[in-house]
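Colleague: Spelled out from the first residue to the last, the chains are:
There are 2 protein chains.
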Amino acid sequence: MHLSQEQIDDFNEQGWLFLPELFDAGEVALLKREAEAIYAQQRPEVWREKNGAPRTAFAAHTYNEAFRLLGAHPRLIRPVERIFGERLYMHQFKINAKAAFTGEVWQWHQDYGTWKRDDGMPEPKAMNISVFLDEVMPINGPLLLVPRSHLAGDLEATHDVETTSYPLWTLDNETVTRLVAQGGIVAPTGKPGGVLMFHGNLVHGSAGNITPYPRRIVYLTLNAVSNFIRTPTRPSFIAHRDFAPIEPVADDALGRMAQGFQAAAE
Amino acid sequence: MHLSQEQIDDFNEQGWLFLPELFDAGEVALLKREAEAIYAQQRPEVWREKNGAPRTAFAAHTYNEAFRLLGAHPRLIRPVERIFGERLYMHQFKINAKAAFTGEVWQWHQDYGTWKRDDGMPEPKAMNISVFLDEVMPINGPLLLVPRSHLAGDLEATHDVETTSYPLWTLDNETVTRLVAQGGIVAPTGKPGGVLMFHGNLVHGSAGNITPYPRRIVYLTLNAVSNFIRTPTRPSFIAHRDFAPIEPVADDALGRMAQGFQAAAE
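Line by line, the protein sequences are chains A and B.
Quick note on numbering: the first sequence equals residues 1 to 266 in full-length UniProt numbering.
Quick note on numbering: the second sequence equals residues 1 to 266 in full-length UniProt numbering.
The reader is advised that the hints may include incorrect statements.
Stated by the list, open to error - Here are some, though not all, of the chain A residues that point toward chain B, as calculated from beta-carbon distances under 8 Å:
no., residue
1, I38
2, Q41
3, V105
4, P138
5, I139
6, T177
7, I185
8, F237
9, V249
As the list claims (entries may be wrong) - Residues from chain B that keep clear of chain A, each with C-beta distances beyond 12 Å, as calculated:
no., residue
10, H2
11, E21
12, A25
13, R33
14, E36
15, A40
16, Q41
17, F101
18, E104
19, P122
20, E123
21, I139
22, T177
23, T233
24, G260
Bear in mind the hints are in silico, worked out from the structure with no lab data behind them.
Heads up, the beta-carbon is just placed ideally off N, CA and C, and yes, glycines get one too.
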């Protein structure tokens, strides 16, 4: 998996890049099954909506083998190494559920706003990568991105601790209106296995999901090693303290694990 | 405005019909301006979201001239008369805001569920008509319809008085999942002036709107005169008691009013 210069230019200009079906059906099926097993667990890394449905599971790469392989997957690590020109460590890893019928809103925000304020990250030299486990459709709460908003830099934000169960530094409506007037809104959709990369300062949010279609997405935040966080305040399962560079696994490691599970089941 | 036999067959089979740009830009501009003036009023017909933003304004056809003309517009009245084979009266008339940033969810429901239980309407022989005042996009909380679900008849429902400020007889997740497995979900979108008709038993809902794009829609519920409500329990501005057949106005009545306003402004 190598990004072309055109893809890199596009990312730098628009602030996001979508790579359809980067993982195949077998790899995705394994990850979905493992995600459900994790959501069923009662553990501090698993956060829930106000009604009890799973909202996000943190740090699954530290306690689940399939997600460990995903978190060190060369199809994700190599392109980001190329963009940043250095090696990476995992700043955050989560599986967001956006459950059928009950998935709640994520208000408009920049992720770097939180990484800077709460974690002491020096620069927005960390990349968000979302791996679709379900088909993302216009109707089941896709991520909404404001193209080119990453060029606005780090914007003023307010700590929202009320709207949902997850505290977030969110932007005011005037700022979002201004940026949307310039860049519009895109909602990248696609089949399971698709991968969306976006800049740490790209403004994004998502509406609730009232449909029967779940919309599970794995988020990796890959930080440049030199950009390690200086003054963390959040638990280490949310903002990791292991700054050692990620050694990518083999490209077929996840696929082989999936085949192994399948063979065992037959 | 006449529906073709093909359109009528399609409506009977799918439970909905979309007529793009039935009203022109001048007509829509007039209605938008009048809607905002109504939302700004403090009156019992104007209901608000929990945060104070307008959610819906009832019965505007009884106290606003532009909406009076819309409520008797031949482009809306004639097609429904044709489908039901008799004359119509206005059962309900409302302007739903789904305001930018704050528009909240409408849970999955059938409108006839409420008309029957709360108003004593004998049969689902009333038509929902929605007139788009803004562009309806996939991202600003479009109406989500479950095609063919009207064929399931009147389904069991629960009175939801908690989720939003508006009490509604809503369906359970198992029922919605079953119907969506059969019919899928469609989200008709289109420019201002488009008109969506759907059957009183068609299952529908809508997610919240977190975008800066408002999504105002006028809803007319046109009931067959013979199907007048027998045991109303809701205020008369929500479930009307004037069962006299609607006399359609001239096709250009709304357009002429819009031109008059424009001429006066120049």
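Colleague: Compare the structure with each hint and give your call.
Modeller: Hints versus structure:
no.	hint	verdict
1	I38	violated, 22 Å
2	Q41	violated, 23 Å
3	V105	holds, 6 Å
4	P138	holds, 4 Å
5	I139	holds, 6 Å
6	T177	holds, 4 Å
7	I185	holds, 6 Å
8	F237	violated, 28 Å
9	V249	violated, 37 Å
10	H2	holds, 32 Å
11	E21	holds, 21 Å
12	A25	holds, 21 Å
13	R33	holds, 20 Å
14	E36	holds, 17 Å
15	A40	holds, 18 Å
16	Q41	holds, 23 Å
17	F101	violated, 5 Å
18	E104	violated, 9 Å
19	P122	holds, 30 Å
20	E123	holds, 28 Å
21	I139	violated, 6 Å
22	T177	violated, 4 Å
23	T233	holds, 27 Å
24	G260	holds, 32 Å
In the structure shown, a violation is registered for the earlier hints numbered 1, 2, 8, 9, 17, 18, 21, 22, in ascending order.
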